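So the sequence shown is numbered by the working numbering: it starts at 255 and just counts up by one.
None of these hints come from the bench; they were simulated from the model.
There could be a bad hint or two in this list.
Cut-off 16 Å, straight-line C-alpha distance, at most; resulting in silico cross-link-like pairs (EDC-like, lysine to aspartate or glutamate) [stated by the list, open to error]: (1) 393 to 345; (2) 385 to 421; (3) 385 to 345; (4) 393 to 323; (5) 385 to 374; (6) 276 to 323; (7) 276 to 402; (8) 276 to 417; (9) 395 to 374; (10) 276 to 339; (11) 349 to 387.
Computed from a predicted structure; not experimentally measured.
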Amino acid sequence: MPLAVNPGEKESRPRRERAHIKRFVARFLGSGPSRRPLLETMGALEGAWGYRGTIERAVSMGWLPDASDAAIGHSIEDVAGLYKDMIDGGERLDKHVSGRSAWWVIRSRRGLLIAVISVENEDLLPPEPMKIDYSSYLKEKETMTVLEYDFRGDRGLLHLSVDTFIDTGNIPYRGFRLYVVT
């Protein structure tokens with residue numbers, strides 16, 4: 255049963271975290287013709303005026319005055335731009351939802367995008383660490399490289415692995431990760 259969640263005060267940390275999750279989902283959930291524009295997925299419920307300006311220029315929104323929060327939003331946009339061809343030409347193959355996390359897989363000619371998000375829950379618990387075996391989503395069985403984006407830095411973290419498992423580690427409550435398998 256979905257929780258009734260009060261979005262909170264305009265300047266609250268939970269509200270800003272939810273805005274980042276919505277932006278991440280808007281950029282990385284849809285693929286191919288099912289993509290919806292970012293501005294269509296964000297709305298007045300969050301008091302989200304000014305999204306267009308944050309996409310066009312490096313400015314923070316009126317209710318996201320913190321520079322680190324603005325940097326997260328820009329990082330999401332930058333990474334989405336890097337993998338735009340994978341998102342536009344890909345197809346969502348699979349999705350999984352549990353009480354504390356959700357994840358899905360988009361496959362394109364270049365590889366896989368695997369997105370993991372923390373799901374809000376009554377106990378405010380982060381997702382449990384998972385091992386995602388991506389081998390069944392690959393068209394060709396070969397060794398791949400995995401980049402992990404937590405959107406707190408400028409670059410992805412490269413994982414060198416001899417197997418086909420992604421260890422999600424400790425994703426914080428209201429956190430998210432993107433794994434790019436190429």
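Now the hints, each set against the structure:
1. 393 to 345: Judged against 16 Å, a Cα distance of about 13 Å means the pair holds.
2. 385 to 421: holds (5 Å)
3. 385 to 345: Status violated; Cα separation ~22 Å.
4. 393 to 323: violated (37 Å)
5. 385 to 374: Judged against 16 Å, a Cα distance of about 21 Å means the pair is violated.
6. 276 to 323: Holds. Residue 276 to residue 323 sits at ~14 Å (cutoff 16 Å).
7. 276 to 402: violated (19 Å)
8. 276 to 417: violated (32 Å)
9. 395 to 374: Given pair residue 395, residue 374 is violated - Cα atoms ~35 Å apart, limit 16 Å.
10. 276 to 339: violated (21 Å)
11. 349 to 387: Between residue 349 and residue 387 the Cα gap is close to 13 Å, so the pair holds against 16 Å.
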